[in-house]
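Undergrad: Sequence:
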Amino acid sequence: MAIFRITAAAALSLGLAAAAQADDVSIIVQSTTSTANSGLYDYLLPIYSGESGIEVHVVAVGTGQAIRNAENCDGDLLLVHAKPAEEKFVAAGYGTKRTDLMYNDFVIVGPEGDPAGVAGMTDAEAALEKIAASGALFASRGDDSGTHKKEVALWKAAGIDPTAASGDWYRETGSGMGATLNAGIGMGAYVLTDRATWISFGNKQDYAVEVQGDADLFNQYGVIPVNPEKCPSANIAAAQDFAGWLLSPEGQRTIAAYQVDGQQLFFPNAPGN
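2 is the number of the first residue of the sequence shown in the numbering used here; add one for each residue after it.
If you're looking for bench data, these hints aren't it; they were derived computationally from the structure.
A portion of the hints provided could be inaccurate.
Unchecked claim - Straight-line Cα separation of at most 20 angstroms, PhoX-like style, residue types lysine-lysine; simulated pairs:
#	residue 1	residue 2
1	LYS231	LYS98
2	LYS150	LYS84
3	LYS89	LYS131
4	LYS84	LYS157
5	LYS150	LYS89
6	LYS84	LYS98
7	LYS89	LYS231
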């Protein structure tokens, strides 16, 4: 039986592995879409489950919906990317502890013609100002996801309310990242996306990254076990085991090793690693 590093006591780890083998232990992770769309789970989960015997089932939705699902006790672990909302989730007692897991960044992608003239810019707010002033199309997820929350914050920092132009140059798809990229490319609109999803996205056509490198585009992911005091059905032991593995040196190395087209998609930054 493989023994791996987790933050829980070694006896708990051994007991979990034995129970998993005997009783087919499984957990549900309420997750942001970017970690699923990028293929990260397809890479990570067979490694973890092979060592632990614990099956991990992922529900990939926007961060806002993932948090609501976890608050409804429809999961054992939360893995999302909207730190203020995550901290609120823990403060309300729904999560035991939030821990930084990994990061990447957001980028603004656009068509080759670059109608707003933002290509090469490193100031996201200034780029959004130019997009709004030009009336060039911008496709928003509009779904309360982590990406949408970031977009809303960037527009606010730019002093612009794009919803006043909803249905005009500002188009809200109400859908996930992949679907929004497809819609945006179809209409020739700029789109804010996490870099991991963009690298993995297969329908780029003539689109490229136009705006990147702004500190405000930093994209931090966190992991939070669901609190059994709020959700008695939560499998806290198995959730803590998976979280502990993700945060361990082995889990962090495994995250760092995942690449698409020779590019690293996520950069682990758990405390102590």
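Undergrad: Run the structure past the numbered hints and jot down the numbers of the failing ones, going up.
TA: 3
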